[in-house]
Structures are given as structure tokens and as C-alpha cells.
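Participant: Here's the letter readout for the chains.
Protein chains: 4
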Amino acid sequence: MIRFNSDYTEGCHPAILERLAATNMEQTGGYGMDEHCKHAAELIKEACSAPNASVHFLVGGTQTNVTVISSALKHYQGVITANSGHINVHETGALEACGHKCLVIDTPDGKLTAEQIAAYTDAHFADDSFEHTVQPKMVYLSNPTEVGTIYKKAELKAISDVCKARGLYLFLDGARLGYGLASRENDLSLADVAELTDVFYIGGTKVGALFGEAVVITNDALKTDFRYNIKQHGGMLAKGRLLGIQFETLFEEDRYMEISRHAARLAEKLKDELAAMGVTFMIDSPSNQQFPILPNTVLEKLGENYAFEFNKKIDDTHSAVRFCTSWATKEENIDALIADIKKLL
Amino acid sequence: MIRFNSDYTEGCHPAILERLAATNMEQTGGYGMDEHCKHAAELIKEACSAPNASVHFLVGGTQTNVTVISSALKHYQGVITANSGHINVHETGALEACGHKCLVIDTPDGKLTAEQIAAYTDAHFADDSFEHTVQPKMVYLSNPTEVGTIYKKAELKAISDVCKARGLYLFLDGARLGYGLASRENDLSLADVAELTDVFYIGGTKVGALFGEAVVITNDALKTDFRYNIKQHGGMLAKGRLLGIQFETLFEEDRYMEISRHAARLAEKLKDELAAMGVTFMIDSPSNQQFPILPNTVLEKLGENYAFEFNKKIDDTHSAVRFCTSWATKEENIDALIADIKKLL
Amino acid sequence: MIRFNSDYTEGCHPAILERLAATNMEQTGGYGMDEHCKHAAELIKEACSAPNASVHFLVGGTQTNVTVISSALKHYQGVITANSGHINVHETGALEACGHKCLVIDTPDGKLTAEQIAAYTDAHFADDSFEHTVQPKMVYLSNPTEVGTIYKKAELKAISDVCKARGLYLFLDGARLGYGLASRENDLSLADVAELTDVFYIGGTKVGALFGEAVVITNDALKTDFRYNIKQHGGMLAKGRLLGIQFETLFEEDRYMEISRHAARLAEKLKDELAAMGVTFMIDSPSNQQFPILPNTVLEKLGENYAFEFNKKIDDTHSAVRFCTSWATKEENIDALIADIKKLL
Amino acid sequence: MIRFNSDYTEGCHPAILERLAATNMEQTGGYGMDEHCKHAAELIKEACSAPNASVHFLVGGTQTNVTVISSALKHYQGVITANSGHINVHETGALEACGHKCLVIDTPDGKLTAEQIAAYTDAHFADDSFEHTVQPKMVYLSNPTEVGTIYKKAELKAISDVCKARGLYLFLDGARLGYGLASRENDLSLADVAELTDVFYIGGTKVGALFGEAVVITNDALKTDFRYNIKQHGGMLAKGRLLGIQFETLFEEDRYMEISRHAARLAEKLKDELAAMGVTFMIDSPSNQQFPILPNTVLEKLGENYAFEFNKKIDDTHSAVRFCTSWATKEENIDALIADIKKLL
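Protein chains in written order, with my numbering: chain E, 366 to 710; chain G, 366 to 710; chain D, 366 to 710; chain U, 366 to 710.
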């Protein structure tokens, strides 16, 4: 059984394991105040051309989303999100459990537009009884989105402008950020992301680390007291150095982008080859998640040797499924998958 | 600089690192549904003589406390805790952030008594306006406590009886459980803990793992839907197998207790040798945290070579400090510490 | 200026004021434990043919919704609601502030169907990763809905059956219940509502009282400890008797239905007369809220003498607006409104 | 049975009932945006010599406390309170249900001191691991306190200075404020309270109104968006004018202080007469709650004709009980009570 069902099926990039072993008996302070975290933060600020950013390391995505959003909002404020946003769908209401409403905008492709955000916010404040509804104060984007689509620089710039003009914080969930930046269709840099958002994070869990997300805060208002929020949300790892060590390793020798490019290239290969066979897709994803529509009979056969995720019934005989590539995907396995699909079609 | 300031200054037991390396390229499902987690759960149930228990793995202590407590309580219910309880003091109000009040009982030694719990609960229900106060529904103990004291079997049995008679859930925070069970003064077994509580956890972070806490639920009412709670509190690690692998390693070949005994023995050595020098202690701790009272002048000198935690001012010239041992403590370092204190006194 | 913009523009039915004056210097216990509350509860149970129901009095609708819903749900559970549901739109996220997500189903007319509820719930439990999403546990209906539509008995029965089969609590928000029951299209009785739901409330604020909502709980599981929840949500009025006195007055001599019929009749008159003029409606509402579509020029003129609520832009020259009748509406004012619209069209 | 068990046993001052009747059929806007609320706010600002204050009307005390405190705090911040503070004891954890911890300071008499507040706050920030504990950001005082004691101007000034110096908001719960200001021992004015605090409220429920608390915000930072918070906490009364009308009536013709003086005088009479008989008190209360210590045998007899609140067992044969006076207390009843106690002693 070869697994393409998610981008977290293996452990971590070997260089990380080596570093963990090499540092294992070092004695350090706890809770992210050690030299490895400090060094990793420096490397990330450099990679983002954001020398004044504040960088923090958390364990997982749900935790990071909740910590960042709730640290920015007052009780009566909410966060604008696409209906497909991870915070709205797949976090068991973690954000609501912290008291905040997702202000949902329907989108066909997981991406919000500057126009939608402007319209939503303007409608709120134009309403006579605006105090009876949750005040929008933050915008949550994921890039790549949950369906693999990515924001172009012009799109992100437009959203950023709308947010600034309306006093909204812009937060970008980068759980798969590397796989977006490495896409052949991407025109964003880490520095762009840092410049255009108020806060974002660089996902480690899905991009080579055992676990870990690096939060980069560029807006001073959001920097204050952030560590209290981490602790309150259970995100302050006792052995915080484990996060520092992992991100040090990822941000040395361009490893983060190198492994992202690997996954991106294999996803593009899969996409191109399937398209060449005439396969259509649920969505035109330029990143490491691909959603081909295949006959159920083919999928059943394929399921004997490959793990993938069922995504959506298309009609009585076809379904959309998800294949993910990652830092760990072997090219031979992608080749085998392509060959087997070809055979079955 | 030799660190005794906490029991999480190093990485993890070498056997865990080896196992992580050996399994690194295995492909598994996520979120704790893999074979390693399954196996680790079996080992733990066996160690607890609790074949019907439900075992879950979370990342850290604060997260675990909040997840367990909030999963058990309705909105208007609270948890009885010693004033020194970790949930009341050192979790940045994580429990309150989830809506629940700590019902605090003052204790001199970090330990609650059956009598205190009975009196508190009975007073609540005897009050005419009981609906105006938070209803006690759970008791939170830590064993060892935050000041190193431990519960004897008879004490835990008495508390358990009081809880059963009053419909209170009994939850034991075992962040340092191994170090308590390995104490020469201990008469509790893992099986006793499982039998006498409704839910407890076995700490990994401080006892040999990189991170991780194993929650053991024996009360059926608390088993239902527990994984929703884990996810909502950000505790469902994507690569859940990392937790399974660590606890497999700890619960094979008696490793968990072996490394606990190591730490306990070194703490006892430190305690005995200091006592022999005439040093007194802030509290008579039988476990891996020791709180000697030393002259400030000695502490200042000592601080040049050793890290320890300031705990409490005793008088103008003396302070209580904390030294921790752990799985990683080297005997030669304890010996050096003892010798240096002797010299300085 | 004659106000039709809401159904709470006046004080209360004169009989209530008289009763408040007559009882003013009585001395009673507080917090809803007095004889007036007891008596009012008896009258309501009788009116509902629900002798075993538990009846509680709260101050306002938002408070009541939050109290009822959060008393029924565990932290990881949510409530299914129409997108237009009051809890989802007009309560400033009060429910989320208590930790619970609105599980939103889009509806054109404010009404949920049994099929929608079944499909939503079944899809949740059919999903492999169901623990990553909020568990549906309650259904929230409003009757009449926020756009004036009402549930027929067969519809409510079907919803009730779906809920029972899936272990969902059914909660009916009856802020305007009287105006629904008094509609010429209604075939529900108070006893039906009590029988088919687990908990509902009878609105007083909009139906003759100064303020107050009477919660009727028929499901035993929801009765336990309900008063703790009331207190926690700030709904336990110190002088609770004020609620008892008001509901006593409303449920004596059939007053609640009498004043509801008055409002219903006047709304029907308005509806019929406008329809007769050829006016169309945003929604076909059979209750006390009417949403005619009128030319903006007419509305502007009309606004000089009448207050009404803007509801929705229909096209560049037409808008839907809301006119409400209530217990306090004078027939002469409805007649004047009809005549003026006729003149302006 | 004559009731002295609380200060909310009757309805309201007759002038309020008259005003409610006189305005009953007026049509007004809802949610506190009507002319009565506007006028009442003007009267209160004048009485407080605080022309720039923002005044809001809420229904009850618990609701007001939660709304004010949670509007001021970020998620990781808490409020310093005396252990006996209403928010800590008698609100069923309403504040924790909104996510905030009570930071409790033990006091013998219900009053916090400037020194305690300074010490608590300074200790927080001096601690190395301060981010692991809840950050103090607000101080909650009640005046009179829950045991009837009051703050002298110098005490409040000292507390205010400490708060300003440390960036803490000062919030005064004035549920019984009139009864404090009317005490013969009081040297505070409404203007002092407004000047020395950031936000406080003037209780109506216990001082002549049917219900209602008037929040006075003087600190600009706390004024922003306050109405969202009111709505979210269920405190935005649909017929908000009911609050405006009541406070208009109370703040015209010096009624609020007049009825407060009445209650204060009768409490002082009771206190003096009991003291003259040699009765001692649980606490030396200068306001409308008196806590005499009486033989249980006397209390049993007394209980046949009078309602009062049991407060505390003093020894096997004596208890402290609470007698309250209010705007509604009849002097003849106080005289009868005094005479009966005299007879029984």
C-alpha cells in the first residue's frame, strides 16, 4: 500500500532527525527561550526580509490558528473566512470554543477576493443594527487553500489593501506554504507574504518537520503579550527547543524550499500526465494536492494498492479524490501511480 | 553550567530517538489512528491492569488538563483543586478560557484530603442559593504534586470513596507520575491509580519522552466522544504516531519505571546528603523535586555553576530553591552538586 | 410618526401594568422562587397540556437562546440552524461566545426541513474524520421564523421524528410564538409544540409583556440543573416575580392568544389589501411581519409618516421593507397605512 | 412574615410605576436608543459631574459585571477581586464562562487595599515565568462590599493611583452604591467615584427600580464598541426605554439619594439599637446590610415572624445573620424587629 492520502504520512526529513540526535543531551531552558529557537527565528526573519518580525513556534495548525486569531480579536469580533477555510470546517469548532465566530463567505475555489471582503465589511458597518452582529476584524486566508489553489501576488496585494483601509488584520495560514511558493504558477515570495499580511505562519508539519508551525508577526499591535496566548492554548512546548531545532534545519541550506519544490514537481507531473490522459479535475490546483475525477470502478481497483482521500461524489459513476505529494514522496511511486491509472482507464 | 532547574532540560531517552529513526519512512495514517498508537495503548492498559480503559495520546500537560477537564464538565460545573494545582497557577487560565472555574482549596503541601473534598462539596449543596455558585463535579489531583509530595494509597482510596459517594469525577494529573511511583515512600501501583480514579495521565514529557502525555480513561461516561475534545483543543497531532512510538518505547522493557527509579534515587541521594549536612527543606518531598532552604550567599555562589529555580524567600538571608532530577540526570553531576554545597556551607 | 418597524415599540398590555401596581409592595423571595412564578408556570403547563414540563422565566431572547442551547450541549457539539436563524445572525455571536458553533443550513424561507436535518447529520457521522468537525446535537427552529413563515404540524412532526431517530434535541425559539399560533394558516397548538420539541419558549417581550420569555422543558435530560445555567448567563432576575406576574397575566383569560389574534388579524388585513393592490412580497409570510416590495419613491414618501424597516434591495427602484403588527397596533393606524400606500402607488 | 432577608423583596418606587404607566403607549425605538435612555444618561452624567462619560443601561448585576469585565480584557488577562467579591462567589462562574479568571486576594472585610493590588501585580511581572500565569489587567471593587463595608475616599484614591501607575483598569460594582453613599460614614460623592474609576455602575435593582444597572464609563479606551458587548451578553433589552424611564425617575428630584438615605437611616437605627443591647456583629458594616451575631435560640423564635439570611455559624450556640433595609423598608417594621430582639435576648 502506497499512501498519497495526506502530506503527513511519514516522519521527517532525515536532516532533522540527525540534528535531534546531535543535540539530544544538550541542556537548555524550556518553553521556546533557548538558543535553537532564537537562531531559527533569526533564519526565518532573514528568509522573510522581516528583521522586525516577531517569530514564535507552535506545535500544530489548529492550535496555531486559534492562538493567532483569538490573540487578535476582542470578544465581539470575528474572522472572515472562506466557507472551506480550515478554521470553519476541520477544527471541531476550536475557534468558537474560544468565543469567536467564523464570518463565512462562500467561494467556489477556496479563495477570498478583495471585493468580497470589502463588501462584507462595508455591509456590516452600513447596517443600522450592526451592534447586533459580530464585528469583522480579521481576515483568514490559507495559502495554498484547502483545495490546493494559491493566491497570486496581485490578489494578495488587493486583499491587503482592503484590509488596511478597513482596519482588518490579515492572517495567512501557511500550513502548506512551501508547496504553494514552490508551485510553477506562484509569483509570491516569503518576503511578499510577510509584507502583505499582519501575521502568517510557515507550516512545518506538512513540509518536512515532525511537527511545528512558525508564526511570523509583523504588525506591532499583534506582537504584544503573544506568549501568554501560546501558553493559554497549550502551545508552549516544554521542550521548545525541539521546534527551534527543526526550523533551524529547515531554514538552513534552503531546505524548506528544496523539499517544497520536490513535492511541487511531483504533483505537477501527476497533474500533467493525468490531464494528458483526458482526466478532468474537481479544481485546477497548482500545488501539492491534486483532485482528479475518476470512474468509481477505477478508484476501487486503485484502492487496492494506493491510499488516497475520497473528496466528493461527482455523479453516480465518478468521484473526485485527493492525491497529495510531500517532501517524502518518491518519484517511483508517482510514476507507478500514473502508470496504473493509465492502465485502468 | 549544569542544569537542575527543571526535569525537561534534555531531549529524550536514546531508545526513543532510535525508534523514531527506525520508523521514519513508514507510511501511516494520521491523528493517532496508526498501529504504533494502538500498540502503545495496549502496553499501557496492560501496565495498568485496565483492559477496558480507553487510552489517548496528547502533546503537553496544559493541553491535556484542559481537554480532560472540559470534556467531563458541563458549563456550570467546576473542578476542585489545591491552590497550588498546576491548572490554577501555571496554565495562564487555560481552563477558565474554556469556561470553567477552579474551585480552590488551600493546602500547605499541595495535597487535597478526602475530608476537604467532602466538606467543600457538601457545603455547596447545603447552601440555599447553590445555583448561584459553580457546581463541583470533578476533583483534580497531581501526583506527585507541584511541590513533590505524593499520595499514599490509603489517601487516594479515601478521596476516591468521597468522590464516588458524591458523584464527582476523580482526575489525576500524572505529569511526573513515574517519579512518584518510583519514590521509596510510594505504595501506589499504576493499577491502583487506574482503579481509584476515573481518568488520569502518564506523563512522558518529563519522564523520558520528547513530549507526550498518555491519558487513561476508565470511567465509561468519560470515554464517549473524547477524540472530538482532543481535536478541539489542538491536541490531535497530525503525525500522531510520534506519540505512539514514544510510549511504545517507554512501556517496553519496563523503561518507564526504570528511568523513573533513576531519577528518584538521585533525588533521594541529594535529599539525604543535604539533610545530613543539616540543611532543612521548604517541604518534605519524597520525589524528584527537592526544595532545600539555603543561605542566599551560598545560592549566589552555586548559581555560577548550576541552574536551579528560585522558589520562595524564607527570610532576609535564606531562600528555598528547587532542584530537579530526571531520567537524564548524571550521577556525577549530583555528586558534584552535593560536594559543592558542602564546601559552601 | 406611526411605528411599524418592530413589534416592541410600546410598553405592555394594560392588564400587566395593573397587576404590577397591585402587587408592588408584596414581599417575596427572589430569583424566580416566588408564588407568582409558581402560578405562572402552572398556567403555562396547563396551556401546553404538559403537566411534567419544567418552566423557567428569563428576561430576553438572546439570553434565552444561549442559556437553553449551551445547557444542552457539550463543548464539542453544535446546533443546526437556518442561515437566517436569530442565533446565527442577530445575537453578536452570543452562542459562539459560549463556545458553540452554529451549524448553518441555507434556506430560502427561514425554515429547515426534516430532510435537510437528516442529511446534515448523516453526512457528519458518515465522514471518516467526523471528529474533526463539530458534532450536531441540537436543532434550532424559530416559529414564526425571522421572515414570518411558520411550520405546519406535519413539518414539525417530521423534524421531530428525524431528531428523535438521530439523538438530536429539538429547540423551538418562540419569541413570536403567539403570532404564529394565531395565524389563519396555522394548524399547531401549544400542546403540539410541547409534545414535538424537547424545549421551547413562549415569547413575552413581543407579545404583550414588558419583557420576558417562558422556557418550557419537556425532555427530562434538559431539566437537570437548568437554573445554574440561567444564573451563569445573567438571566436570573433578582425580582423574578416580575416575570411570574407578567406571565400569570398573559395566561389568564386567554390573554396571550387574544392579543396574538389581534396582531395576526391586522397583519392579514395589511397583506390582503396590499396584495389586492397588486403589491408583491419578498416572502409569503402568514404572520405578524409583512415584507412587501415597494417602489423606493413610495417608501421615501411613506417614511415621512411611518417607521418601518428596510429589509433588502430588490432592484434599482424597489426595496423590500418590513411592517410589524403587535398586541399594541391600532386598527386605525393599519387602515391609514393601507390608504396611504394606495394613494402613493 | 416581614422580610429583611434581601434588599429586593418588593417591586419598585411608586414614582417609577407611575412613569411606566404614563409612557406605556408611547412608541419608541428599541435597544436603548430612545429619548428616555438619552435623558436618563444626561441626568446621570450630571449627577456624576462627568459630561464626557458614556452611560449604558443593563438589566442585572451579574450581566453587568460580565459585560464590563470581558469588554475590557483580552483573553489572557484577568481581574483582581477580593475573595468575597460577587464575581468570584455568587455568579455561577459567569466570568469564567466568558473565559476570564478571577485573581483572588483574601480579605477579612471584603475590601481590597492599594498595597495588596500593587503587591499582586508587581509579583506577577517580577516572576520569570509570568507568561504562564494570567495577567492582571483590571481591579474589581464592590462599594458597598458584599458584607456592607465601604471605601473611604482616601482608600479609593490610593487604589486608583496604584491602578493608574500599573496600567490596571479600575471597575467599581455599585449594585448597592446608593446605600454606601448615604451612609453616615461615607465621604465619597458620585463625582469622586466617576473620577477615580475607569468604569462603575449605579445599581437600580436594589435601590428603587424594578431592575436595571447604569454603567458609567469614563475611560475612553473602554467606551469603544461597548454596545456590541451588551448585546453579546444578552443585556440589550428590546424595550430598552424601560431602563431609561426608571433611571430618569430615580435621578430626578434627588430620588436616588433620598431613598438611599431612608434605607441607610433605618440600618443605622437597627445597628445602634442592637449595639446598645450589647449585641456584637460579624463585621462593622456602615451600610444597609447588618450582620448581628445572635443566639440560635433567639434566631429560631425570630424566624417565625421575620425573614433574614443565615450568614455564618459563629459557635455552637450563635450565628451571624443578615438583615437588609431598602428603599421599601417601613420604619414600623424595623421598630418591631428591634423590640422583638430586645424581648428575646
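To be clear, the hints were calculated from the coordinates, so they are not data collected in a lab.
Honestly, I wouldn't trust all of these hints.
The list that follows gives simulated cross-link-like pairs (lysine-lysine, DSBU-like), each with its CA atoms no further than 35 Å apart [claimed, not checked]:
id	chain 1	residue 1	chain 2	residue 2
1	G	K588	G	K677
2	E	K529	E	K517
3	G	K529	G	K634
4	U	K529	E	K588
5	E	K634	E	K529
6	D	K666	G	K529
7	D	K588	U	K677
8	G	K522	U	K695
9	U	K529	U	K410
10	E	K529	U	K439
11	D	K403	U	K518
12	U	K695	D	K403
Model, not experiment: these values are computed from the prediction.
Participant: If a hint holds in the structure, say so; if it does not, say that too.
Facilitator: Consistency of the hints with the structure:
no.	hint	in the structure
1	K588(G) - K677(G)	violated (40 Å)
2	K529(E) - K517(E)	holds (18 Å)
3	K529(G) - K634(G)	violated (39 Å)
4	K529(U) - K588(E)	holds (23 Å)
5	K634(E) - K529(E)	violated (39 Å)
6	K666(D) - K529(G)	violated (72 Å)
7	K588(D) - K677(U)	holds (31 Å)
8	K522(G) - K695(U)	violated (56 Å)
9	K529(U) - K410(U)	holds (22 Å)
10	K529(E) - K439(U)	holds (22 Å)
11	K403(D) - K518(U)	violated (45 Å)
12	K695(U) - K403(D)	holds (27 Å)
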